[in-house]
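Student: Here the structure of chain G is known, so what remains is to put chains F, X and H in place on it, guided by the hints.
There are 4 protein chains.
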Amino acid sequence: MSAERPLFIPVILGTPRQGRMSEHAARFVFGEVEKREGVETELFDVRELPFTTQGEGEAIKDETFSRAMSRADAVVLVTPEYNHGYPGMLKHALDTNLKEYVHKAVGVCGVSAGGFGGTRVIENLLPVLRELGLVTIFWDMNFSSVHKAFDGAGALLDQSHVRRAEKFLSELVWMAKVLRYGRENVKL
Amino acid sequence: MSAERPLFIPVILGTPRQGRMSEHAARFVFGEVEKREGVETELFDVRELPFTTQGEGEAIKDETFSRAMSRADAVVLVTPEYNHGYPGMLKHALDTNLKEYVHKAVGVCGVSAGGFGGTRVIENLLPVLRELGLVTIFWDMNFSSVHKAFDGAGALLDQSHVRRAEKFLSELVWMAKVLRYGRENVKL
Amino acid sequence: MSAERPLFIPVILGTPRQGRMSEHAARFVFGEVEKREGVETELFDVRELPFTTQGEGEAIKDETFSRAMSRADAVVLVTPEYNHGYPGMLKHALDTNLKEYVHKAVGVCGVSAGGFGGTRVIENLLPVLRELGLVTIFWDMNFSSVHKAFDGAGALLDQSHVRRAEKFLSELVWMAKVLRYGRENVKL
Amino acid sequence: MSAERPLFIPVILGTPRQGRMSEHAARFVFGEVEKREGVETELFDVRELPFTTQGEGEAIKDETFSRAMSRADAVVLVTPEYNHGYPGMLKHALDTNLKEYVHKAVGVCGVSAGGFGGTRVIENLLPVLRELGLVTIFWDMNFSSVHKAFDGAGALLDQSHVRRAEKFLSELVWMAKVLRYGRENVKL
Numbered sequence: 016m017s018a019e020r021p022l023f024i025p026v027i028l029g030t031p032r033q034g035r036m037s038e039h040a041a042r043f044v045f046g047e048v049e050k051r052e053g054v055e056t057e058l059f060d061v062r063e064l065p066f067t068t069q070g071e072g073e074a075i076k077d078e079t080f081s082r083a084m085s086r087a088d089a090v091v092l093v094t095p096e097y098n099h100g101y102p103g104m105l106k107h108a109l110d111t112n113l114k115e116y117v118h119k120a121v122g123v124c125g126v127s128a129g130g131f132g133g134t135r136v137i138e139n140l141l142p143v144l145r146e147l148g149l150v151t152i153f154w155d156m157n158f159s160s161v162h163k164a165f166d167g168a169g170a171l172l173d174q175s176h177v178r179r180a181e182k183f184l185s186e187l188v189w190m191a192k193v194l195r196y197g198r199e200n201v202k203l
Numbered sequence: 016m017s018a019e020r021p022l023f024i025p026v027i028l029g030t031p032r033q034g035r036m037s038e039h040a041a042r043f044v045f046g047e048v049e050k051r052e053g054v055e056t057e058l059f060d061v062r063e064l065p066f067t068t069q070g071e072g073e074a075i076k077d078e079t080f081s082r083a084m085s086r087a088d089a090v091v092l093v094t095p096e097y098n099h100g101y102p103g104m105l106k107h108a109l110d111t112n113l114k115e116y117v118h119k120a121v122g123v124c125g126v127s128a129g130g131f132g133g134t135r136v137i138e139n140l141l142p143v144l145r146e147l148g149l150v151t152i153f154w155d156m157n158f159s160s161v162h163k164a165f166d167g168a169g170a171l172l173d174q175s176h177v178r179r180a181e182k183f184l185s186e187l188v189w190m191a192k193v194l195r196y197g198r199e200n201v202k203l
Numbered sequence: 016m017s018a019e020r021p022l023f024i025p026v027i028l029g030t031p032r033q034g035r036m037s038e039h040a041a042r043f044v045f046g047e048v049e050k051r052e053g054v055e056t057e058l059f060d061v062r063e064l065p066f067t068t069q070g071e072g073e074a075i076k077d078e079t080f081s082r083a084m085s086r087a088d089a090v091v092l093v094t095p096e097y098n099h100g101y102p103g104m105l106k107h108a109l110d111t112n113l114k115e116y117v118h119k120a121v122g123v124c125g126v127s128a129g130g131f132g133g134t135r136v137i138e139n140l141l142p143v144l145r146e147l148g149l150v151t152i153f154w155d156m157n158f159s160s161v162h163k164a165f166d167g168a169g170a171l172l173d174q175s176h177v178r179r180a181e182k183f184l185s186e187l188v189w190m191a192k193v194l195r196y197g198r199e200n201v202k203l
Numbered sequence: 016m017s018a019e020r021p022l023f024i025p026v027i028l029g030t031p032r033q034g035r036m037s038e039h040a041a042r043f044v045f046g047e048v049e050k051r052e053g054v055e056t057e058l059f060d061v062r063e064l065p066f067t068t069q070g071e072g073e074a075i076k077d078e079t080f081s082r083a084m085s086r087a088d089a090v091v092l093v094t095p096e097y098n099h100g101y102p103g104m105l106k107h108a109l110d111t112n113l114k115e116y117v118h119k120a121v122g123v124c125g126v127s128a129g130g131f132g133g134t135r136v137i138e139n140l141l142p143v144l145r146e147l148g149l150v151t152i153f154w155d156m157n158f159s160s161v162h163k164a165f166d167g168a169g170a171l172l173d174q175s176h177v178r179r180a181e182k183f184l185s186e187l188v189w190m191a192k193v194l195r196y197g198r199e200n201v202k203l
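Read top to bottom, the protein sequences are chains G, F, X and H.
Under the working numbering, the first residue of the first sequence is numbered 16, with each subsequent residue one higher.
Under the working numbering, the first residue of the second sequence is numbered 16, with each subsequent residue one higher.
Under the working numbering, the first residue of the third sequence is numbered 16, with each subsequent residue one higher.
Under the working numbering, the first residue of the fourth sequence is numbered 16, with each subsequent residue one higher.
Okay, chain G solo, but in the shape it has when bound (with noise of 0.2 Å):
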């Protein structure tokens, strides 16, 4: 097995919202994946991606995006929950790709305002994760009154998230190797 080679887990912010919290989460997590070694990672945010909004999917690919999709071995989403469901911004970004998450790991870390933790966001991802290829692990991040859990300049307030995120990223990190083993040796 390359176990060498560092895995390449980039972290997507799934909301351009003004005001998001959620981007305290995308930055605390990001960090957790910056601190394990033999991994690298990029933060992706969806309000900086270019996409076109006069189109949609593989035809309105961003290289840059798409290049890093491409070599990810695994992907982290931090996504709020709107209305129990995806922001728009995030699907249209992940839509743009489609072989290239193929056989790959992804987490999802729920983020909300109120008390259940992004928990109906996650659930409304799994068919649109599942089709694109990945294999979403069975654990999850959940951000619940994300307000009380980082301070206005992003501090985590709630140090549990700490051991959640060392779990959580344990996995996430199992079944990217996995999947690379497998890519790399199993012929299908």
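Note that these hints are calculated values from the structure, not bench results.
Treat the hints loosely; a few may be bogus.
When chains are identical, the list treats them as one kind, so a pair holds in a single copy or across two.
To be verified - BS3-like cross-link-like pairs, simulated, lysine-lysine; straight-line CA separation at most 30 Å: (1) K182 x K114; (2) K163 x K202; (3) K182 x K76; (4) K202 x K50; (5) K163 x K76; (6) K202 x K114; (7) K76 x K202; (8) K182 x K163; (9) K114 x K163; (10) K50 x K163.
Tutor: Just chains F, X and H now, kept in the frame of chain G:
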């Protein structure tokens, strides 16, 4: 019951994709809505809606669109299925309103290139529509193999859709009337 | 509108599990329904329903249960979340009727040992309830950490559920009244 | 990699309904699994599984079924779509195990009388399968209009399913091998 005042049932075309076949489906359904006595309609196209992508939700409302949703008794969504989910731009548009939708009816027309009539995007939309306060009727329109249902100019090739639209719209109009009665006469 | 005839809103306890905490939630909600003026109710327990497991659907109908569903104006489901889905026995019971449910209201009370209030079983039920012809209201009850919400004898410990039940049932009663008006007065 | 040890991939027939057409689909798929070199299989029928309906979950485990799930490298579910959801008895059976499933592959065969190939029951199962620790592959089998796909004796009428089963099982075997490698060689 205010039976004489016409119902207002706008149709939303849910994708900006170049070459979209959903436009044919939307124009067909729009035509069927137009023909119904006692119903007014209007076609909204997410490609034409002027929502910024640098924000999200009620903060980026468009006055014309919100006024239409506010006036609506029911809404028809015409949506392709992208990776088993809804198009990002459709969600981006829907999320700009909340109270405008409450206690109104919605019917969904799924469109797919393949054989399954957009069933999966419809399932994926259900939790979102409910959270918006909309009541999703239990009849859908399913445009399977949409390239065979319409010719290149948008003419309907599969006439069975006329009868299906009749059933679908009858149910939608029923629910629209019933909920309007409720909004106007039944105390919460 | 037949305002004087009481609404009939049965409550269904959706799990046969030994040691189920959902029974406490169901008895609490049942009590709150009972208190409402102009509403009759009855508690059904899937553990007591005599459905064979050697069949499925309308073929294995139970007359008492079907008559209750037929008479109902709305239904309350009280359901734990098992592996992010609904208990098998709840679905087994629900599937025995079809036309009995059409154009009636349903409200769902999710129960979970953990912190997310059964949100996921509610999302999982939405497509099923819609296909049965039921209209799922957009208020839910969420019993998170159910072991703290009730004591061992079933007494309510977290009084905030009283106020929540009030909101939930007000919405359910509104929808039940509105749909009854529709069934009795609006032509399809 | 332990390539020589055969994979064990049991097939579960998910409905006890009298007259079920899913049995034909299950027997066909079971036969296709049996033919694959290096794969052992066994057919489980929820109608024959001895689970009590007076309990739920791990408390009502059946030793034979649990041992099979424990030994399995992947599972095939063959399930009809009942009211856009899964049969109660299938869920009742699945819920009796947990750790037995972890990091194993699952493929789903949807069966429907109508034209949409059980797509909706597959979507409905996704969150459940994930929570059980199973990895749902992104190929499905879809048996639309099942009365035309098989004759009354269960003989396959629509030969296109052979080719589809080949693709479906290739993907499932790939994922089963990859995850077995992971379970045996990659530290969490």
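Student: Each hint needs a verdict: does it hold in this structure or not?
Tutor: A quick look at each hint next to the structure:
Taking CA atoms no more than 30 Å apart as the test, K182 paired with K114 passes in both settings, with 28 Å inside one copy and 17 Å between copies. Proximity of K163 and K202 under a CA criterion of 30 Å is satisfied in neither setting, with 48 Å inside one chain copy and 34 Å between copies. Taking CA atoms no more than 30 Å apart as the test, K182 paired with K76 passes between copies only; the shortest distance there is 28 Å, against 33 Å inside one copy. When the C-alpha separation of K202 and K50 is checked against a cutoff of 30 Å, the pair qualifies only between copies, where the shortest distance is 19 Å, while the shortest distance within a copy is 33 Å.
Proximity of K163 and K76 under a CA criterion of 30 Å is satisfied inter-copy only: 28 Å between copies versus 37 Å inside one chain copy. Proximity of K202 and K114 under a CA criterion of 30 Å is satisfied in both settings, with 17 Å inside one chain copy and 28 Å between copies. Proximity of K76 to K202 under the C-alpha cut-off of 30 Å is restricted to the intra-copy arrangement: shortest distance 29 Å within a copy versus 36 Å between copies. When the C-alpha separation of K182 and K163 is checked against a cutoff of 30 Å, the pair qualifies both within a copy, at 21 Å, and between copies, at 26 Å.
With identical chains, the CA atoms of K114 and K163 are at most 30 Å apart between copies only, with a shortest distance of 27 Å across copies and 39 Å within one. In the homo-oligomer, the alpha carbons of K50 and K163 lie at most 30 Å apart inside one protomer (24 Å), although the nearest pairing across protomers, at 37 Å, exceeds that limit.
When the structure is compared with the earlier hints, a violation turns up for hint 2 alone.
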